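Spelled out, the chains give:
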Amino acid sequence: MLTFVIRRFIYMIITLAVISFISFALINAPPGNALSQKISQLQSQGATVTGQQVAALEKQYGVHDPWIQKYWKWITGFVHGNFGQSFSANQPVSSLIWGKLGLSIALATGSLLIAWALSIPIGVYSATHRYNMPDNVVTLLQFIGIAIPEFLFALVLMTLAVKYLGSDVGGLYSSHYQHAGWSWGKFVNLFGHLWIPLIVISAGSTAWLTRVMRANLLDVLGQQYVQTARAKGVPEHKVIWKHAVKNALHPLVMTIGTTLPLLISGEAIVSIVLNLPTTGPLLINSLLTKDMYVAGALLMMLSALLVIGNFASDVLLAVIDPRIRLGE
Amino acid sequence: MSEDNVLTVRDLHVDFSTPLGSVHALNGVNLTVPRGKVLGIVGESGCGKSVTARAIMQILEPQATISKGQIIFHRPKDVEHETSQVLSEEAELSEAAEAVKAGDVDITELDPRSPEMRAIRGAEIAMIFQEPMSSLNPLFTVGAQIEEAILLHQTKDEIEAHKRAVDMLRRVGMPNPEGISRSYPHQLSGGMRQRAMIAMALSCEPTVLIADEPTPALDVTTEAQILELMRRLKEDMGMSIIFITHSMGVVAQLCDEVAVVYLGRVVERAGVDEIFYSPKHPYTRLLLRSIPRIGANRKTPLEVIKGSIPDPHSQVPGCPFHPRCPEFMPGQCDVIVPLEAGVGIDHSVRCHLYPGSVPADAALIPEA
Amino acid sequence: MTTIPTSIAPEPKRATPPELVESDVGTIPQWRLMVRRFRQSKLAVISVFILIILYLCALFATFLSPNQYNAQDPNRKFAAPSSWTWSGGPAICAERQYLDRQALEFKYKADCGHPVGIHFFGEGFKYKLFGVIPTRRHLMTVGQGQKLLIWGADREGRDIFSRSLEGARVSLTVGLLGVAIGTAIGATIGTISGYFRGRVDTALQRFIEIILSIPTLPLWLTLAAVLPRDMSVTKRYLLITIILSLVGWAALARQVRGKVLSYSSSDYIAAARAAGSSSKRIIFTHLIPNSTSHIIATAMLAVPATIIAETSLSFLGVGMLPPAVSWGVLLSDAQQVSTVEQYPWLLIPAALVVLAVVCFQLVGDGMRDAVDPYA
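Chains A, B and C, in that order, are what the protein sequence lines are. Letter by letter, the first sequence follows residues 1 to 328 of our numbering. Letter by letter, the second sequence follows residues 1001 to 1368 of our numbering. Letter by letter, the third sequence follows residues 2001 to 2375 of our numbering.
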């Protein structure tokens, strides 16, 4: 088990390294270097920039350094928590992204938990009560859940909420709570704003997970050991939950690796539509304004999130499956 | 069939409902299992042997129903043999529970999920399956799975259950039973897994053991060992065994009585010597002739039975074997289903070649 | 217990038994079996028909459109869909122009007392059928002065129905093209990886894992946003397609590799090798034909995701850009809740997206079930 974990850990580090390469390449992709942005920004503010000043700035930002050196500077900056400078906001990137990153992670994790909490019981019910009316309804809902693009779902839900619930949606808090201190009212308000994104983000994954759970369970129910359990006289509900479901959960843990990217992407796009202060809107804004350090750092962060999540799910799988734990 | 029977199956019909129509898997199966003896059930794949076994245990698939017939379980009358504690816990005062305790109970009358049926399953009638690897839950240790059965039926004391589990593993010939009980199924070899399965099935000392083709997945040496083990345990525990197989060789080694099944009907029933030395039904004869023999002339081609089992959805009129039968008699075999008739001591056959096969009120179409 | 007798007396032959009817499963060609299996799933068959209709609509978009898709009409901004009525045939209510004194602009109100008949195959604006044949024929038109707005108008007064048809051309083809390219790349790499195993396989798998470690939407966003904004529509279309396929091939390669691995260890491949077949022969004669059906089924299932991807990218303003039209571009008008609340017909193209995606999903499912006709 230990060798397994160590091996996975090393892969993770290598993957992150390569991703950082790619992210950096993308940062430098748009024509014109970062400095020209800054210069045009300064000029639009009315200042004049002399050739000397340009040269000095170029030296300071290392514009003409070899690529490898630039990369190294950027990477080592990570260790100090320095991700470069945002040109549009004139702040260090780190201060821009930390709070938002936290919220992104919270939303993604929350959706994951909701998706699991819903899909397991529904999947089990669907597999054990095949061809019933409820099963068909569930299947239909699943199809729609997978088919609807998330931004659309977010929009529709928002519209309905405004129309029929009269709630003040969009953003994280209503305006009067925005800068108020913490209170019960603020908490309720926060929740009132968060349920829409949580539902929307988890919807697609829940639909998909339910299908997977159902398929897995059907697979497992056809296995011989389920019959063996029944043949021993084990009561039916124990046969299902203790023997079958436990085995069906394994492939589900493997799906964490696939669900995470969906959740992260979904969270990005839903936040854009609903105007939540998370990494999504920040990413798109920075891309549209060519604020590449922000974009690059965000891409790196999101990828790191994914990679670490995958690693965690691999370890989790090893823990619960004796076949992996003790080696086959 | 005389003497003391532990299980009597009478005119059992099992139907499967499929999207394409109803499949009659069992069409009137009659069997008796004598106490303390081994009954072999033989037939090709798909003829209904496993369905019979699962019907007796009431673990049929949801689409299958017992549409007709009886399965009567005659409990041993001696006091030593305890009933499962499931009865005392969950079904103390029900009528069915009383029937189970008293001695004779019709299994078809019991709901498959009821505590009364569950009291029988595992504790009175146990079953082992074909694939040992997939028959054991990969996530639990072997010991835990054996203890599950013991804790369900015999005692609630976990330490006692563990002791009995290890003891059972020793009795089935496992080296290092304590270590094995803590191992997972994937860590054991095929033969050891099959022994573990046997240990699990026998942990509650059942009256009847149903073995559904337990040996095809094993090599011949291991198979011989397992058969020897089963013989020994049968003697030790006074247990009856229903052994389902398609290998006549195994039947010869192990069984006392044999039932030959074709398309959901028992076509011949007899003691094992009778079946091998004086087979009556054409199907039985063909089965015996298709066994390859060491020392036979190399040039003679292997015997096969012409054709193959018909599509289960189709209905074959008359005797179901007639399309493949070398003794086919037009006008009779394709019209009337033969009844089971005795042709000797403890020997019955379903075939128009022998008297007593035609029901009294049927009309015979004269041969052309 | 007994012993097997060493010989059994031979049987005298009697009458010959009747012939048996054999099932034809073993004899008809494989693709026919698959089609038969596919047809068993009614949902999949219906979906195929719906998709064919959608693609035909895209092909004949201009013929089916009563108005030009990019004709702006400042008098009909956010106009509601025309109300339908009957007058000897389907007709719409005439619209009376009136001056809205508060907003100080001309508005139109439906006047159902004066129905305007719809001319089928009548004459409308000029265009070239298939880009070649000049004609004026359209499926539905109305007389001069009135406008047939089946699905209402958008921010600039453009007919949403016509724009949806035009947008279908992009949205429906980007998915197919992107998946086709991705499939070609993915299948090749997957087959190579699965067949040769060893170091090649490990290296490719690590590479694929890394690509799959970047969340797709942010990656697409970044790649798309890096494109300069002033490219020709066609160029942008092609580049977007390539971007979408670049990320999609990885998942497919993994699946193909899995299939190839399982085939490679099957007995018939070992038999082929033992018989002396070269690697090339094994790959092309055995592995690829067997995997083709699986590859196609998997590819079909990837199309919905690509369509949604293009729609999302365009919606966010980094995919297709105006003046190009795709369903995503149409929906980008609907980004504000207030707008959607007032003019809900802006969301109708979304229904088209969902329809197309669901149909592709069902077809893909049906295909996946059908490609194992021997199961």
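Note that these hints are calculated values from the structure, not bench results. Values in this document were obtained by computation on a predicted structure and should not be read as measured data. A few of these clues could be false.
As a list, the in silico DSSO-like pairs of lysine-lysine whose alpha-carbon atoms are at most 30 Å apart [said to hold, decoys possible]: (1) K1234(B) to K1163(B); (2) K1156(B) to K246(A); (3) K2109(C) to K2128(C); (4) K1068(B) to K1037(B); (5) K70(A) to K1163(B); (6) K2042(C) to K246(A); (7) K2235(C) to K2259(C); (8) K2077(C) to K2042(C); (9) K242(A) to K1037(B); (10) K100(A) to K70(A); (11) K2259(C) to K2126(C); (12) K2077(C) to K2126(C); (13) K1037(B) to K1234(B); (14) K246(A) to K1037(B); (15) K238(A) to K1037(B); (16) K2109(C) to K2077(C); (17) K163(A) to K73(A); (18) K1068(B) to K1156(B); (19) K2077(C) to K163(A); (20) K2042(C) to K2235(C); (21) K2259(C) to K163(A); (22) K100(A) to K73(A); (23) K1163(B) to K1068(B); (24) K242(A) to K1068(B); (25) K2128(C) to K2259(C).
Per label pair, the in silico range of CB-to-CB distance [unchecked claim]: (26) V5(A) to S2265(C): 26 to 32 Å; (27) F2078(C) to G99(A): 33 to 39 Å; (28) L2238(C) to V156(A): 52 to 58 Å; (29) L140(A) to L2139(C): 30 to 36 Å; (30) W98(A) to K2128(C): 52 to 58 Å; (31) V2200(C) to A25(A): 33 to 39 Å; (32) L2139(C) to G99(A): 50 to 56 Å; (33) S2278(C) to L140(A): 39 to 45 Å; (34) Y1277(B) to I2288(C): 33 to 39 Å; (35) G1249(B) to S2266(C): 39 to 45 Å.
Chain A is nowhere near these chain C residues, computed Cβ spacing over 10 Å in every case [said to hold, decoys possible]: (36) C2093; (37) G2122; (38) A2270.
Glycine is no exception: its CB is placed at the ideal position from the N, C-alpha and C atoms.
Okay, the hints, checked on the actual structure:
no.	hint	in the structure
1	K1234(B) to K1163(B)	holds (22 Å)
2	K1156(B) to K246(A)	holds (24 Å)
3	K2109(C) to K2128(C)	violated (33 Å)
4	K1068(B) to K1037(B)	holds (27 Å)
5	K70(A) to K1163(B)	violated (69 Å)
6	K2042(C) to K246(A)	violated (34 Å)
7	K2235(C) to K2259(C)	violated (36 Å)
8	K2077(C) to K2042(C)	violated (42 Å)
9	K242(A) to K1037(B)	violated (36 Å)
10	K100(A) to K70(A)	holds (27 Å)
11	K2259(C) to K2126(C)	violated (52 Å)
12	K2077(C) to K2126(C)	holds (24 Å)
13	K1037(B) to K1234(B)	holds (8 Å)
14	K246(A) to K1037(B)	violated (39 Å)
15	K238(A) to K1037(B)	violated (34 Å)
16	K2109(C) to K2077(C)	holds (13 Å)
17	K163(A) to K73(A)	violated (52 Å)
18	K1068(B) to K1156(B)	violated (38 Å)
19	K2077(C) to K163(A)	holds (23 Å)
20	K2042(C) to K2235(C)	violated (40 Å)
21	K2259(C) to K163(A)	violated (50 Å)
22	K100(A) to K73(A)	holds (24 Å)
23	K1163(B) to K1068(B)	violated (43 Å)
24	K242(A) to K1068(B)	violated (33 Å)
25	K2128(C) to K2259(C)	violated (47 Å)
26	V5(A) to S2265(C): 26 to 32 Å	holds (29 Å)
27	F2078(C) to G99(A): 33 to 39 Å	holds (38 Å)
28	L2238(C) to V156(A): 52 to 58 Å	violated (32 Å)
29	L140(A) to L2139(C): 30 to 36 Å	holds (33 Å)
30	W98(A) to K2128(C): 52 to 58 Å	holds (56 Å)
31	V2200(C) to A25(A): 33 to 39 Å	violated (25 Å)
32	L2139(C) to G99(A): 50 to 56 Å	holds (55 Å)
33	S2278(C) to L140(A): 39 to 45 Å	violated (50 Å)
34	Y1277(B) to I2288(C): 33 to 39 Å	violated (57 Å)
35	G1249(B) to S2266(C): 39 to 45 Å	violated (30 Å)
36	C2093	holds (26 Å)
37	G2122	holds (35 Å)
38	A2270	holds (22 Å)
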